[in-house]
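Trainee: So the sequences go chain by chain: P and F.
Under the numbering used here, the letters of the first sequence match residues 1 to 663, in that order.
Under the numbering used here, the letters of the second sequence match residues 1 to 379, in that order.
Everything labelled a hint here was simulated from the structure, so no lab data went into it.
Backbone N, C-alpha and C define an ideal beta-carbon position, used for all residues, glycine too.
Each hint should be verified, as a subset may be incorrect.
[To be verified] Derived, one-sided and incomplete: chain F residues facing chain P with beta-carbon distance under 10 Å:
#1 Gly24
#2 Leu37
#3 Glu146
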Amino acid sequence: MVETGHFALVLAFALSLVQTIVPLFGARLNNQRLMAVGGPVAVTGFALTALSFAALASAYASSDFSLANVWENSHSLQPMIYKITGTWGNHEGSMLLWVLILTFFGALVAAFGSNLPASLRANVLAVQGAIGAAFFLFILATSNPFIRLNPAPIEGRDLNPILQDLGLAIHPPLLYLGYVGFSICFSFSVAALIEGRIDASWARWVRPWTLVAWMFLTGGIAMGSYWAYYELGWGGFWFWDPVENASFMPWLAGTALLHSAIVMEKRSALKIWTLLLAILTFSLSLLGTFLVRSGVLTSVHAFATDPTRGVFILCILTLFIGGSLALFALRASRLTAGGLFHPISREGALVLNNLFLTTATATVLVGTLYPLVVEALSDDKISVGAPFFNLTFAPLMVPLLVMVPFGPLLAWKRGDILAVAQRLMTAFAAALLAMLVTALFISGATVLAALGVGLAVWLVLGALTDLAVKAGLGNVATGIMVRRLLGLPRSVFGTALAHLGLGLTVLGIVGTLCFGTEKILSMHPGETVDLSGHTLRFAGIYPAQGPNFSEDRGRFELIGPAGNPVGEISSAKRFYPVRQMTTTESGIKTLGLSQLYISLGDEGKDGAVVVRLWWKPLVTLIWGGALVMMAGAAMSLMDRRLRVGAPSRRRKQADAAATAISP
Amino acid sequence: MLFWVIAAILTLGASLAVLLPLAGGAKSASPSGDHDLEVYRDQLTELDRDAARGLIQPAEAAEARAEIARRILRLDTAGPVAGSSARPASAMARLVATAAVLAVPLVSWGLYSQIGSPDLPSQPLAERLAKNPADSSVDELVARAEAHLAANPSDGRGWDVLAPVYLRMQRFTDAAAAYRNAIRLDGDSAARQAGLGEAIAGAAGGIVSADAQDAFEAALKLDPANAKASFYLAMGLAQEGRDKEAEAAWQAMLARLAPDSPWRGAVEQALAKSGAPEVASATDAKGPDAADVGAASSMSPQDREAMINTMVAGLDDKLRQNPRDPEGWMRLVRSYVVLGKADQARAALGRAIAVFGAGSEEAKKFTAFAASLGLTATE
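Bound conformation, chain P alone (with noise of 0.2 Å):
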């Protein structure tokens, strides 16, 4: 079963290599036999890919330490769940999970890619053969995961105990569906410019593959997020860690793509700029890998002593950035611009907003990649961290997110800015009651707090107008109204979601930076604590023995009002013999949006326990927020519009010519 998955694995790096030149050689010869290769030949890679990943898990699912892999991420007392998640919590699994996404996307093109041009098919299908090819070269030269050992070992060197958690499950998948995602986006700007034209039908193919790795995306960064902030035990939701930069950096990039696409898709306008996003976008995915992947965070110099791999995934950056951005500046003046428009106008509103998240990513990318340089350059290790970010990205971000109700109720190509201010009055109002509530009534506020509540306010209550303007609130009857509301295409109701969620993430990052309230306190078992209105009372240390690990769970109760204890807390301190490494388990407790969040801290000689307690006001709504942005891009892809573009043969061409043509 091992060796049938690595030959797989080989397998499909024969086929890729097929996927890359044949199509393309179809395309150039207008050879119908050869471009038709691509299809089942991605199909056929994902299968043969899909094998030998499952041989992987299943090698690491019955601990086969025959494989070096295995032994070095897995233990056989491990639950079966880590054991399972073992295969993607190291750096050879998560590449084959890698190229597993890819050339799932790849097949997905090839499925359901029927209604393209053939020619653009084939172009797609041949650069993401080329990505795969690339990575599969990668895996088997660099970071084969099928290397054996022989005689095996009896068992292993334990998985780490950090990713020894559920986040392990869900986070590397959803971020590299988004990363990946990309990589679609990617290949149809390759695509349309080494064919050196844009079908009208580019955006509409472009703009679903852009929602879905963005939803991927959006949920892979909360989801990481929520992780950090329950295992590490800091209890902070976002560190501007190079590795969340990493990720954060073709998020802002998509988020930019994802509007510029909506111009593209319904005025034909911003090709150019749409297609270079898209190249962008996708090379700061293939930079976020290079950066997590090829140790170069951990030290330049490190990264010099064994640099493999690195030298290898650089390659594979300069090849793929340098060529499709060479290959841009070759072809692009040959591609026509679309619709006109005035500034003032939907289309101008999504243009700004794109100078505003080119910009934000910009100073990510300067942010992130800065330290690398002074360090190779100077042998100094720098950090950039929060107090750069603060200073640099959130004064571009407060701005946008001012502007953001205004873009959805502008009119396309020309716009009314006066009459969408009086729509967004009563928005407006709110928001600014928001703010005098907050400064006046929550102690400890400061105007930055109130300013914070009330932008979230505008943002919320700006997404609800955009649905109600649209519905005709105030202009017609209720019952015509509900009707109008439903009849609405999704696209309008995700957008209003998108905005909506991103104004309930803002509301908790506001919650919980300027309402929160931290104690650090050593406790005796029967001690009581307050903070910000909860009593809780330590009731003591308990040792327990897990599969793999032995823990001290300290247990805390929450007192009601009445005196009686009304809930349970527990934080532990997990040790874990065969890696000899301890983790800390901290203790949350849900509270309406907010949460109770303690960590355990170590314990003294009279049997006092340092304890870190947080009170986090509003803090769920971060991630509750992104989970209804993603709900937003789900929306938008169910939308109608998105699954035009095939010719139907129902209607002869001609009379449709005739019957556009008269207005």
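With chain P fixed as given, assemble chain F onto it according to the hints.
Mentor: Same frame as chain P, but now just chain F:
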């Protein structure tokens, strides 16, 4: 064999994925103009909807309609792409097709023969543990016992049997845990307490810590004649620099021990060693420090051996630069013997004797010391 059959089937399937579209009849593809037209037509209906909903002003809508109409016209003048399927395949196309079909088996089998291990079967752990014990390695037997104890953790006898095996395998942390379990479940005994002490000391790289000392003292309380406990307690004294007391304890042991006791050799050896100024030499050629020891106890056996090898090599180097260190030489010889490198041990002995001169006091000590380790100088 089965593997090769599966590999052949997979290769065949992959080759067919390439071959079938090439051999199949060319489908009549719709020219790309049709696709564009469909999109433009949809844009027009959408424009009407947007205009009805007031998302675009009437004047702009008319303008946009004209824009789309112009695109449709341009599409018509560009003309449909000439149907190419009827055209016979060019020589180039045939070349590419042939190369592609050949590439699949050639690349896959060629590459796999370089990097694969086709003869190595899968070895799921459950299967390995289920086979006949007579075919199992020590590691596998231990793993089997571990699996049994994981299912029946209150089997005190099981822990009692496993603990000394761990000790011999130098898995000191596991050994200590096993002895503790045995003591908890089957009660105290001198042998278990002494074993526990040895395990704790082993985990600390041979240092008799306070915990180990407690265990040895408990063993002596149960059986005052326990040789292992007495020996290690004396070793603990020596490590604290209380050489006189250690020597006295060892001497007392020698007097008590039966003539054929296996501990006799160890005690004599320890006595021979304790004559040298341990503390002074520690600065010249120091043994592993606490950090090293801590690191060693958390390592896998392979890593630990590698670390010990590097430490021995380091000692060897130091003695090359600073050879007048009799204690260091003895430690080096002893290290090589322990590592099973008799040749190197002998060479080191020869070098040591050469440094101090063949007839010197030290040389005699070296020879006696080597003899106690079962080693004879060749030169």
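Trainee: Regarding the hint that Leu37 of chain F lies at the interface with chain P, is the smallest CB-CB distance below 10 Å?
Mentor: For Leu37 of chain F, the interface hint holds, since the closest Cβ of chain P sits about 5 Å away, which is under 10 Å.
Trainee: Are Glu146 of chain F and chain P close enough, Cβ to Cβ, to be under 10 Å, as the hint says?
Mentor: holds, 8 Å
Trainee: Min Cβ distance, Gly24 of chain F to chain P: is it shorter than 10 Å?
Mentor: For Gly24 of chain F, the interface hint holds, since the closest Cβ of chain P sits about 7 Å away, which is under 10 Å.
The structure fails none of the hints (numbered hints given earlier).
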